[in-house]
Amino acid sequence: MFSKILLKLIDQAIVPAVLVVVSRIVSLILVSSYMGVDFYITKNGILFDNTKDYIIINSYSMLILTVLISLGMLAIIVKSALFHHEHITPKMSAKLFSLKMHSLIKNSFEIYTQATIWISYLWLLTIANGVMYYYQMLDLWVFYLSGILTVSLTVLLTSDIEKKVKVSKMEDFLFDTNGKYLEKDNKR
Amino acid sequence: MKRFGANLFLFSLLAGMLLMPMASLKLAKVNNQEVLSYTDIETKYLKQRIEEQEKELIELRELVKVKETTQSSEDITLD
Chain A
4 MFSKILLKLI DQAIVPAVLV VVSRIVSLIL VSSYMGVDFY ITKNGILFDN
54 TKDYIIINSY SMLILTVLIS LGMLAIIVKS ALFHHEHITP KMSAKLFSLK
104 MHSLIKNSFE IYTQATIWIS YLWLLTIANG VMYYYQMLDL WVFYLSGILT
154 VSLTVLLTSD IEKKVKVSKM EDFLFDTNGK YLEKDNKR
Chain B
1248 MKRFGANLFL FSLLAGMLLM PMASLKLAKV NNQEVLSYTD IETKYLKQRI
1298 EEQEKELIEL RELVKVKETT QSSEDITLD
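Chains as they are written, first to last, in our numbering: chain A, 4 to 191; chain B, 1248 to 1326.
Everything labelled a hint here was simulated from the structure, so no lab data went into it. Backbone N, C-alpha and C fix where the C-beta goes; we use that ideal spot for every residue, glycine too. Please note: incorrect hints may appear among the correct ones.
What the hints assert, rightly or not - No farther apart than 27 Å at their CA atoms in a straight line, the calculated lysine-lysine pairs in the BS3-like style are these:
(1) K7(A) - K82(A)
(2) K46(A) - K1249(B)
(3) K1302(B) - K55(A)
(4) K1291(B) - K1273(B)
(5) K11(A) - K55(A)
(6) K98(A) - K166(A)
(7) K166(A) - K82(A)
(8) K1276(B) - K55(A)
(9) K109(A) - K11(A)
(10) K46(A) - K1302(B)
(11) K109(A) - K55(A)
(12) K94(A) - K46(A)
(13) K55(A) - K169(A)
(14) K55(A) - K1249(B)
(15) K11(A) - K169(A)
(16) K7(A) - K98(A)
(17) K11(A) - K1276(B)
(18) K7(A) - K1302(B)
Stated by the list, open to error - Here are some, though not all, of the chain A residues that point toward chain B, as calculated from beta-carbon distances under 8 Å:
(19) A20
(20) V24
(21) I28
(22) V29
(23) I49
(24) H87
(25) H90
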């Protein structure tokens, strides 16, 4: 009854959702302690005494968040390029099995549902950065940097998907769908 | 129809999963309480002093008035 893709997408959204919340809180606390800025943890959130400190700490916190999500996205793209079950090299496959890391070998369904979620988070973060900059809560360079990261990772993912589509087209051709060669073998 | 409803529920759940963590971005805020600088405190103190001195002046004026009236009444009786 339930859509398999939607269920998988929800399943894949748990890890980045937790990562966003945890890294936001931890980065705010770490950056303010590193910079020696006073903050108060209240029911309403983390409060800062003046706007100047708030903008600096918010900028660095959003930067850390964006970089973390980008790294996650990059890992998925690398996984797709190197460990995809359709084109993983036998040598790499054997290596992964010997290291007991064969769980890294994934199919398109696993990889692309994961990639969809992570790239969505990245775009949402970039939009949030834009909104924060508009309301003067963030430095402009953070918005630019997150925009550049998001666009380049989207391009990488798209090119990877394009490659996969080409590969699968070639495989259709190689599979001898009309059974021409198979019939020849039978005649012999 | 049942399948559509179930998928709509899943879709809204997914949208919630994507948007809920974004609420954590609003965790950091600037303290809204009035933060007084040294000059603010100084002006506040000076205003208070001016108000007190104005009150004292009014009281003194009243005293002078009372004294004047008693003096004039004394002069009349002496006459």
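Hint by hint, here is what the structure shows:
1. Distance check on the hinted pair: K7(A) and K82(A) sit about 22 Å apart at the alpha-carbon level, within 27 Å; holds.
2. Restraint check for K46(A) and K1249(B): the C-alpha separation of about 41 Å exceeds 27 Å, so the hint is violated.
3. For the proposed pair K1302(B) and K55(A), the alpha carbon gap of about 42 Å is over 27 Å, so the pair is violated.
4. Under the criterion of a C-alpha separation no larger than 27 Å, the hint pairing K1291(B) with K1273(B) is inconsistent with the structure, at around 34 Å.
5. The hinted pair formed by K11(A) and K55(A) fails the criterion: a straight-line CA distance of about 43 Å is larger than 27 Å.
6. A threshold of 27 Å between alpha carbons decides the hint, and for K98(A) with K166(A) the separation of about 24 Å falls inside it, so the pair holds.
7. Distance restraint check for K166(A) and K82(A): the Cα-Cα separation of roughly 14 Å lies within the 27 Å cut-off, and the hinted pair is therefore satisfied.
8. A distance of roughly 12 Å separates the Cα atoms of K1276(B) and K55(A); the hinted pair therefore holds under the 27 Å criterion.
9. Proximity of K109(A) to K11(A) is assessed by CA-CA distance (about 14 Å); at most 27 Å being required, the pair is judged to hold.
10. For the suggested pair K46(A) and K1302(B), the alpha carbons sit about 44 Å apart, so the restraint of at most 27 Å is broken.
11. A threshold of 27 Å between alpha carbons decides the hint, and for K109(A) with K55(A) the separation of about 46 Å lies outside it, so the pair is violated.
12. At roughly 55 Å between alpha-carbon atoms, K94(A) and K46(A) are farther apart than 27 Å, so this suggested pair is violated.
13. Between K55(A) and K169(A) the CA atoms are separated by roughly 51 Å; this puts the pair beyond 27 Å, and the hint is violated.
14. Between K55(A) and K1249(B), the direct Cα distance comes to roughly 53 Å. Violation of the 27 Å bound is thereby established for this hinted pair.
15. For the proposed pair K11(A) and K169(A), the alpha carbon gap of about 25 Å is at most 27 Å, so the pair holds.
16. With a CA separation close to 32 Å, the supplied pair K7(A) and K98(A) exceeds the 27 Å bound.
17. For the hint linking K11(A) to K1276(B), the alpha-carbon distance of about 35 Å lies beyond 27 Å, and the restraint is violated.
18. Restraint check for K7(A) and K1302(B): not satisfied, since their Cα atoms lie roughly 81 Å apart, outside the 27 Å limit.
19. Annotation: A20(A) was flagged as interfacial toward chain B, and the flag holds, the nearest CB pair being 5 Å apart, inside 8 Å.
20. With a cut of 8 Å, the hint placing V24(A) at the interface with chain B holds, because the nearest CB-to-CB distance is about 5 Å.
21. Here the hint on I28(A) is kept, as its CB sits about 7 Å from the closest CB of chain B, short of 8 Å.
22. Here the hint on V29(A) is broken, as its CB sits about 11 Å from the closest CB of chain B, past 8 Å.
23. Here the hint on I49(A) is kept, as its CB sits about 5 Å from the closest CB of chain B, short of 8 Å.
24. For H87(A), the interface hint is violated, since its Cβ never comes within 8 Å of a Cβ in chain B; the closest pair sits about 25 Å apart.
25. Contact between H90(A) and chain B, as hinted, is not supported at the beta carbon level, the nearest pair being about 30 Å apart and thus beyond 8 Å.
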